[in-house]
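Using the sequences and the hints, build the whole thing.
Under the numbering used here, the sequence shown has 862 at position 862, and the numbering climbs by one with no breaks.
Calculated directly from the structure, the hints in this document are not laboratory data.
Just so you know, not all the hints are guaranteed correct.
[Claimed, not checked] Here are the simulated EDC-like pairs of lysine to aspartate or glutamate, each with C-alpha atoms no more than 20 Å apart in a straight line:
1. K421 x D345
2. K426 x D285
3. K426 x D345
4. K707 x D627
5. K882 x E725
6. K702 x D884
7. K882 x E703
8. K421 x E340
9. K882 x D627
10. K426 x E340
11. K707 x D884
[Unchecked claim] Pair ranges (Cβ atoms, derived):
12. G20 x Q510: 45 to 55 Å
13. G20 x M682: 52 to 62 Å
14. W566 x S599: 29 to 39 Å
15. W566 x E47: 54 to 64 Å
Glycine included, each C-beta is placed from N, C-alpha and C at the ideal position.
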Amino acid sequence: MTAAVALPFLMAALCAALAGRLGRATGVLAALAFVPALLLASRTGGETLSETTRWVPDLGLNLVFRGDGFSLMFAVLIGVIGTLASLYSVTYLSDRERFGRFYPYLLAFGGSMLGLVLSDNLAALFAFWEMTSVTSFLLIGLWHTRSSARDGAVKAFLISALGGLALLAAVAMLGVAGGSAQLSQLDLDAVRASPLFVPALLLTVLAAATKSAQLPFHLWLPTAMEAPTPVSAFLHSATMVKAGVLLVAKFGLIFSVSPLWSGLLVPLGLATMVWGAWLALRQNDLKALLAYSTVSQLGLLVSLYGVADAEGRFAATTHLLNHAAFKAALFFVVGIIDHETGTRDVRRLSGLRRALPVTFVVAALAALSMAGLPPLGGFLSKELFYETMWHQGPLFLAVAVAGSALTFAYSARLLRVFTGKLSAPKVPHEAGAGLTVPAALLAGAALLMGLWPALTETLTRTAQEALAFGSYGGHIRWWHGVTPALLGTLVTWALGAALVWRAPAAQRLQERLTPRWNANLSYVLILTLLNTLASRVTARTQGLALPDQLRLSLGASALIGGYAVWQAPQVLPRLGTVPLEALPVAALLVAGAVGVALSRNRLTAVVLTGLTGFGSAVSFLLMRAPDLALTQLLVETVTVILFLLVFRFLPGVRDLPRTRGRLGLDLLLSAAAAAGATLLVMASLRFLAPPISPYYLLNSYKEGGGKNVVNVILVDFRGFDTLGEITVVAVVALAVGALVRLGRPGQAPPEVDAEQLAAPAPGAGRERGPQGPRRETARRPPRPRRPAERPDRRGRPGPAGREPRGVRAGDAAHGAAAVARTQRAGRGFIAGLMTACALILHRVANGRCALNFPPLTVVPWGLALSFTTGLVPYLLGRAYLKSDYGYVSTP
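Put into structure tokens, the structure is as follows:
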């Protein structure tokens, strides 16, 4: 199971590296990433599997994968759809697609979903949940030159982020109430008796509703169709949209004892089913029709799992399998239609069965299964759905019949493009095997599950132990006798046929009944209000002059700190004697700070700011911390240089008008800040528990191989902290680089959007998207020409900006020498600072960067090196980032 989760991430990195050479063949390599997930099929139906990777056992932070029947079935489902989507994309995508982005995003998305399905640790479950949100954002916004793609990606991310916050709070409450960080080891009696039970239940419902597009959070799913069709097939059938269904299925074992659980989920799911089907019937875009149909089908699944009894879970799991088969097949079919005709508009398509006979057969099988017609698998699961709703009450069955009748109608609307006289924007022809085979396999699976009910029940029963429906005595059969479910089926077919027969009248009725208000308008309104509020708060607080901002910050800090001291008076330790040699350093620090406050020009202020930093380095030396002193010295050097680089942009020193009252307030705030800092330092000297420093002193050399305790702590004892700090610094560097590349203040690089296709901007290139419509991509602007040639230091003419080779070689030698002297743990940081100083000084002296490649390209490779370094001990059976050392004697 660990391999099934880890391999997609590893293959994502490999695909990113090889995509430039492999091109579209990268999809074949990507499909191999799901092989371990497919192999899990051999373990279904057996004992529950468990694999644990220990991290912080005392805190319960372990990566635990648990392979019960339901999790393994879901993982295999993800593996099947992921493999077919990867192979389908080999033929579907354009040669000019960015394969180095598409396949890594797709594999990271699949790996995140596999981790979510198999995780037993609550913290890991939440982490993978959020990773699906991030990777889906990247996939939906893959064609980011389209405004609709950007809007869909942001909308999906914001709504999923809301659910992520709810899930975070829910799993925290469950862990506290249940006394365990593992889902399978929660004390259910303690959870149900806890006052946190109801809040956790409500938060779980919110998280599931946002992820699985339940009302009113359904608006993100239709806009997610801006992703390429292989992504849509993967996302809509087996991955992200099913994450909420997965949460309801698993957490239903905890919350099912409360009537509130089914009382919320069953009506919510049925309402979503009917409303999604109603909206699907109105769509003219085939992909939008399928997107709204997914909303409807997700509502069906949520209502069944929300029933929270054995019958409901059995019916839901059966339909889960059927839905994955027919929905992925239909998305593949729509991709074929778009690929061959250049459009997805049902008003411009008809008679395609003559030109696309194989595609028509596949579409008919998948659509009839979605409509719930025999002999397809969708008919069997629909019968189970009706039976379950009948046991909840006649009203529930009536709503289910209404939703299914609409499903029948929009399935027929989808198939209309294959009937009548041939009409299409361009002459279509049957697609190749690369497109038709994945769709045909899934449609064949939908047919097989209908013709072989015993096989369908066997697949469903693999999850019976995990979802506790082993006691359900019903079976999947074609004939159950004359039952309310059969009568509901007959009514469904009659209503659906009437909607198809009277389609124009039904469309006019929809136009009259559909309200002007919708969820998208509410989303835009809420987002506009939030942006307006944020802008006003920012203008009122951060738009002030710097002294006013400092007054607000210091005043808030003084209030918070004063309240804390008032509530819990501090017992301060006795101060020892102050060493005599520390007095000059303290005087230097105070003099530098006072000098900055009293300086009347910018250069003096910069120099005096550096004086305080260098004084701090001297204080570290007095405390016998030479490495900290050297680090502080280098950081201060870089800071002063950066100040000088932006010196001409700094505002001039000027006197600000200040009344006596404001002067008194400033003095009071200054005194409060000084007293607060002093109290904080003195309070930190009083330990609330035995200090851990003796442990580090005793074990730094024995465990970490270094005599410098601080360095060993950084790279060994607290290596995860350092890894997190590296990640934060890398992200900040990328963000700053992106801001710098935006251009001059008030300007932005030109962006070509879909609305400008009719009049392309000069110099813009066209790139054909895989779905027919062209999308514009602005070419990278040409680099500015260098100024006229100028003589080098020997008087010989040469191109401007080209520095002597000796300087660049000196930089390399400087960094190499620094690295060569880093035999002890932690000294690499200092070596990096020294190299950075050399490069910055080189930039100041020569006016341009010394590197022959964009500096920001080093950041992702550095992060990858940092993370993969920790994998070496893990692959050897030890803890992640566990260090080892040894010594080699040289003659």
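| Restraint status (C-alpha distance of K882 to D627 at most 20 Å) | It is violated: about 23 Å lies between the C-alpha atoms, which goes past 20 Å.
| request: Take the C-alpha atoms of K707 and D884, compute the straight-line distance between them, and say whether it is at most 20 Å. | output: Roughly 14 Å between the alpha carbons, so the hint for K707 and D884 holds.
| request: Given the hint that K882 pairs with E703, test it: the Cα-Cα distance must not exceed 20 Å. | output: The hint holds at about 10 Å.
| Restraint status (C-alpha distance of K421 to D345 at most 20 Å) | Holds, at about 16 Å.
| Given the proposed pairing of K426 with D285, does the C-alpha separation stay at or below 20 Å? | holds, 17 Å
| query | Are the Cα atoms of K426 and E340 separated by 20 Å or less? | reply | Holds: K426 and E340 sit about 8 Å apart, inside 20 Å.
| Distance restraint between K882 and E725, which requires alpha-carbon spacing of 20 Å or less | With a Cα-Cα distance of about 18 Å, the restraint between K882 and E725 holds, given a limit of 20 Å.
| said: Against the 20 Å threshold, does the CA-CA distance of K707 and D627 hold or violate the hint? | reply: Holds, because 12 Å separates the two Cα atoms, which is no more than 20 Å.
| Between K421 and E340, does the CA-CA distance stay at or below 20 Å? | The given pair, whose Cα atoms are some 17 Å apart, holds under the 20 Å limit.
| M682 and G20 - C-beta distance against the hinted 52 to 62 Å | holds, 59 Å
| request: Mind checking the hinted window 29 to 39 Å against the Cβ distance between W566 and S599? | output: holds, 37 Å
| query | Is the hinted pair K426 and D345 satisfied, with a Cα-Cα distance of at most 20 Å? | reply | Distance of about 13 Å is within 20 Å: holds.
In this structure, the one hint that does not hold is number 9.
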